[in-house]
Amino acid sequence: MPNRKHEKADVLQGTLDLMVLQTVATLGPLHGYAIAARLEQVSAGALRLNMGTLYPGLMRLEQRGLVRAKWGVTDNNRKARFYAITAAGRRELATEKAEWDRTASIIHALLREQQ
Amino acid sequence: MAALREWTRRFWGTLRRHRADRDLEEELRLHLELAAEDARRRGESPERAARAARLHAGGVSQAMEALRDQRGLPWLDDLARDLAYGCRMLARNPGFTIVAVLSLAIGIGANTAVFSFADGLLLRPLTVPRPGEVLTVGSLSANSIRGLLLSSYRDYVDIKDRSKSFEGLVAFAESVVGFTAHPETLPRLTIGMLVTSNFFPVMGVEPALGRAFRLDEDQVPGRDAVVMLGYRFWEREFGGDRSIVGRTIRLNGIEFTVVGVAPAQFTGLDQYVRYDFYTPLMMWSRLGEDLDVRPFDARDFRRLNIRGRLKPGVTMTQAQTELSVLARDLERAYPDTNRNQNIVVRTELQARIAATPIVPPLLWMLTTLAGAVLFVACANVAGLLASRAPVRAREIAMRLAIGAGRTRVIRQLIAESLLIAVAGGVLGLGVGYAGVMLFRQIQIPTDLPIVASFELDRRALLVSLVVALVSAVLFGLAPAIRSTRTDLTAVMKATHAAGFGRRRRWGRAVLVGGQVAISVVLLVVATFVYRGFQQRLGSGPGHRTDHLLTMAFTPSPARYREAEAQQFFERLVERAREVPGVKSAALASFIPMDGLPRPVTIVPESFQFPPGTESAKLLTSMVDEHYFDTMGLSILEGRAFRATDSADAPRVAVVNEQFAMHYWPNQDVVGKRFRVNGRGGPWVEIVGLAKTSKYSFLLEPPTDFVYLPYKQRPQPTMILLAESWGDPASLVTPLREVVRGLDSSQPIHHIRTMEELYRMRVVSVLNVIVGSVAAMGMMGLGLSIVGLYGLVAYAASRRTREIAIRMAIGAGRFDVLRMVLRQGLGLAVAGLVVGLLASVGADRALTTVFSGGAGGDGRIDVTAFLLVASVVLAVTLLAAYLPARRASRVNPTEALRYE
Numbered sequence: 001m002p003n004r005k006h007e008k009a010d011v012l013q014g015t016l017d018l019m020v021l022q023t024v025a026t027l028g029p030l031h032g033y034a035i036a037a038r039l040e041q042v043s044a045g046a047l048r049l050n051m052g053t054l055y056p057g058l059m060r061l062e063q064r065g066l067v068r069a070k071w072g073v074t075d076n077n078r079k080a081r082f083y084a085i086t087a088a089g090r091r092e093l094a095t096e097k098a099e100w101d102r103t104a105s106i107i108h109a110l111l112r113e114q115q
Numbered sequence: 001m002a003a004l005r006e007w008t009r010r011f012w013g014t015l016r017r018h019r020a021d022r023d024l025e026e027e028l029r030l031h032l033e034l035a036a037e038d039a040r041r042r043g044e045s046p047e048r049a050a051r052a053a054r055l056h057a058g059g060v061s062q063a064m065e066a067l068r069d070q071r072g073l074p075w076l077d078d079l080a081r082d083l084a085y086g087c088r089m090l091a092r093n094p095g096f097t098i099v100a101v102l103s104l105a106i107g108i109g110a111n112t113a114v115f116s117f118a119d120g121l122l123l124r125p126l127t128v129p130r131p132g133e134v135l136t137v138g139s140l141s142a143n144s145i146r147g148l149l150l151s152s153y154r155d156y157v158d159i160k161d162r163s164k165s166f167e168g169l170v171a172f173a174e175s176v177v178g179f180t181a182h183p184e185t186l187p188r189l190t191i192g193m194l195v196t197s198n199f200f201p202v203m204g205v206e207p208a209l210g211r212a213f214r215l216d217e218d219q220v221p222g223r224d225a226v227v228m229l230g231y232r233f234w235e236r237e238f239g240g241d242r243s244i245v246g247r248t249i250r251l252n253g254i255e256f257t258v259v260g261v262a263p264a265q266f267t268g269l270d271q272y273v274r275y276d277f278y279t280p281l282m283m284w285s286r287l288g289e290d291l292d293v294r295p296f297d298a299r300d301f302r303r304l305n306i307r308g309r310l311k312p313g314v315t316m317t318q319a320q321t322e323l324s325v326l327a328r329d330l331e332r333a334y335p336d337t338n339r340n341q342n343i344v345v346r347t348e349l350q351a352r353i354a355a356t357p358i359v360p361p362l363l364w365m366l367t368t369l370a371g372a373v374l375f376v377a378c379a380n381v382a383g384l385l386a387s388r389a390p391v392r393a394r395e396i397a398m399r400l401a402i403g404a405g406r407t408r409v410i411r412q413l414i415a416e417s418l419l420i421a422v423a424g425g426v427l428g429l430g431v432g433y434a435g436v437m438l439f440r441q442i443q444i445p446t447d448l449p450i451v452a453s454f455e456l457d458r459r460a461l462l463v464s465l466v467v468a469l470v471s472a473v474l475f476g477l478a479p480a481i482r483s484t485r486t487d488l489t490a491v492m493k494a495t496h497a498a499g500f501g502r503r504r505r506w507g508r509a510v511l512v513g514g515q516v517a518i519s520v521v522l523l524v525v526a527t528f529v530y531r532g533f534q535q536r537l538g539s540g541p542g543h544r545t546d547h548l549l550t551m552a553f554t555p556s557p558a559r560y561r562e563a564e565a566q567q568f569f570e571r572l573v574e575r576a577r578e579v580p581g582v583k584s585a586a587l588a589s590f591i592p593m594d595g596l597p598r599p600v601t602i603v604p605e606s607f608q609f610p611p612g613t614e615s616a617k618l619l620t621s622m623v624d625e626h627y628f629d630t631m632g633l634s635i636l637e638g639r640a641f642r643a644t645d646s647a648d649a650p651r652v653a654v655v656n657e658q659f660a661m662h663y664w665p666n667q668d669v670v671g672k673r674f675r676v677n678g679r680g681g682p683w684v685e686i687v688g689l690a691k692t693s694k695y696s697f698l699l700e701p702p703t704d705f706v707y708l709p710y711k712q713r714p715q716p717t718m719i720l721l722a723e724s725w726g727d728p729a730s731l732v733t734p735l736r737e738v739v740r741g742l743d744s745s746q747p748i749h750h751i752r753t754m755e756e757l758y759r760m761r762v763v764s765v766l767n768v769i770v771g772s773v774a775a776m777g778m779m780g781l782g783l784s785i786v787g788l789y790g791l792v793a794y795a796a797s798r799r800t801r802e803i804a805i806r807m808a809i810g811a812g813r814f815d816v817l818r819m820v821l822r823q824g825l826g827l828a829v830a831g832l833v834v835g836l837l838a839s840v841g842a843d844r845a846l847t848t849v850f851s852g853g854a855g856g857d858g859r860i861d862v863t864a865f866l867l868v869a870s871v872v873l874a875v876t877l878l879a880a881y882l883p884a885r886r887a888s889r890v891n892p893t894e895a896l897r898y899e
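Chains as they are written, first to last, in our numbering: chain A, 1 to 115; chain B, 1 to 899.
For reference, chain A alone in the conformation it holds in the complex (with noise of 0.2 angstroms):
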């Protein structure tokens, strides 16, 4: 259903920057496939992130400061461009998750309110 597919892709804009920062605050540097993956397993199979959409916005995370990017090595020897969260991505990520939070005990309140 393409509609269906749409509404996800919408849903992810908004919050694909913090996802981003929650996965590489959590598990420390990681490459964009393993951001990707982490983010599919979590959600079950939910997400699928489409690379003209994960890496464009690991860039503007970069631009932003909130994440720095280095190429290393990954575990079986390739080279990877690894991304790790910044101070002030931490910070950002902090007001980011209160002010979700927030939003979220709203719209949940008022659903619940609504039944």
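Please keep in mind that the hints were generated in silico from the structure rather than gathered at the bench.
No false leads were mixed into what you were given.
One side of the interface only, derived from the structure: several residues of chain B facing chain A at Cβ under 7 angstroms:
| no. | residue |
| --- | --- |
| 1 | L28 |
| 2 | L30 |
| 3 | H31 |
| 4 | L34 |
| 5 | G58 |
Just so it is clear, CB atoms sit at the ideal spot from N, CA and C, and this is done for glycine as well.
Chain B: place on chain A using the hints.
Frame of chain A, contents of chain B only:
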């Protein structure tokens, strides 16, 4: 904060590729490989795994596109690409580029030059921080000379104490004095400002050296002889010696202690004068020019300038309301001196316009003409773009067809226009500089640091950039939008000769016709101005300008009392008359065309003033008995002054015809009387009637003027006028000897021949105006010739096929020539007629600029019309003939085969 960082990184990402494409691709490839590995681990075959990975993660090229957009600023990237592409397009069509850029260079340069002129004469801001806030305050009554806002010291104190609108109000007067660094050297003339102690703090000017004035130095008249030097004066006279503070200099023979030096960028509160020194206003009583008035007591001694800055949040209207109330209070309290005196606040620009009423209309005229030239230039470029449109239409249709967005194509076309405009603007600086050099011929003849400076400075550069951008929009935007609105298939299918441009060609015809019309107006105006000025120069100022030498003397009040100064002047003129080569010699307090004469307040006997006025302020000169002969001014009735019109004789005056016509129309004016110095002043009897001449400028309207005997109204400065038998300059040395014989330490200033003075004040100014107007007329004509030529050539080239067929079936060369020519000439004649009609209106407008009509008496100058019409007709005929002749030489066989 983070967003700002993102944008700066993206900006740099555009300029230098921060991460190369290869780097990005490598990262994406790794992603795909890892995804495929995962799939294989789940048991897929290698091929299926790779496909699953691509399906899962998306294509590399789409991701790359998204990454490139994120890496830099896409629009900046596009702009760079558009500009590079535009450069290639322009280089490929050098003919088009050269004509377009040169046209714009002329149009933009004319505007830049006119701006520099306007800036030098009127617009340049004061040299203080936040100059736009500085306002002028002062008394205004119905008979204020030239609408200048001047106040008395007593009024200033009241305004300052009672007004609540201003953050600070300062007052100043200016004074011309003799300066010496050492007591034994000859004094030299300098000009300075006498300022209140709050002047420098309120204006926000910090001394470069030493200190500004203290409050206690501005409280007792004539006590505190302290001085601040102007920066340039300090550098010139003292070589920038920093130990100057604490030393003494002499001004009018009085010792002043130097307390500081003003900063380099501050030159005083006048657009022309660069003041040499500043002293406390309280020194006015010792440095002032008027020997008989006490400047701090007389409420009607209005010579003081007031400036102020408003408090935050107060508007000018509020300030004006408050000042009007204050003025009425003062009127009630001091009816003798303050009746009908309003207090007015003006911005600096308003004040300057009021002080020099001739300048704004002149600038308006030049700005309008320059705008017309720019319009003609833009029409040229628009026409050129239109002739390229059919060729470009295919290219654009192609781009649109393969998926370029309309805005994207428009942006690209605008980038090309911008390139042309900026190139034109840069070249236009050359044209502007030529204009500035022309305007620099205007010099103010004076020994004092008074200059009108015309510069191609940062402000002028900014203006030419703005004009370039405006012109890019004028000529580029409409064609750009229109050319993307084409029917793709029609254009793609059409051959070059397809006639899909009927409306477009109409538009171009109107443009070219308009160009011709505008250049006709420009030329008619130029001819009017030229002929009008020639006529004025021919009829002259009404007095002699040849065989005259002038020398000015200001005997220092420190060494001469008033009576002694009078004696000095008398002996000077007597001795001068005995010098061989001197035909006659005279004394005057003012020479025509040299600055502003002294005003005098008079009340003519039994004259009914309009309500609200009780006296008239008019221009006056104090002269001796030989003045009228020496200046060649004829006395029409009665007599000139005599040696017997001395201080104790009955007071007499000579008035000019204009004055007589004004106050006693159709009556014999000799024997009439008026009071001088206001309603309580003494009676003066008119003994003679002089011809009206020109007093301030050659183009001024006839002005009331009064001559008074200098012995009955002594002046601190008098000018010796010597009429020579031969070259007046040869009198300089013998007359210097005469002065040395009388007083060896007496400085002489303003040594000039009347011819030189007249040339600098009048002839060169008029020549510069005529030159600039004529130059713009020629530019307009030149540009419209190019436009007309371009249109006819273009139309002919589009009709090559038609012409060839006509010729193949028997049309002769002459028929073709006539056919092509007819179109061009039709346009030229239509433009000419419209232009001539518009010129009649332009003549009216000119009459308001130069009172009395530049074309002479406001009559319509038929010769000018005929002259311009024939020139324009001849030139446009040639412009249309050349392409028509080429069209008529078409070889039908070749032309048709080519198709």
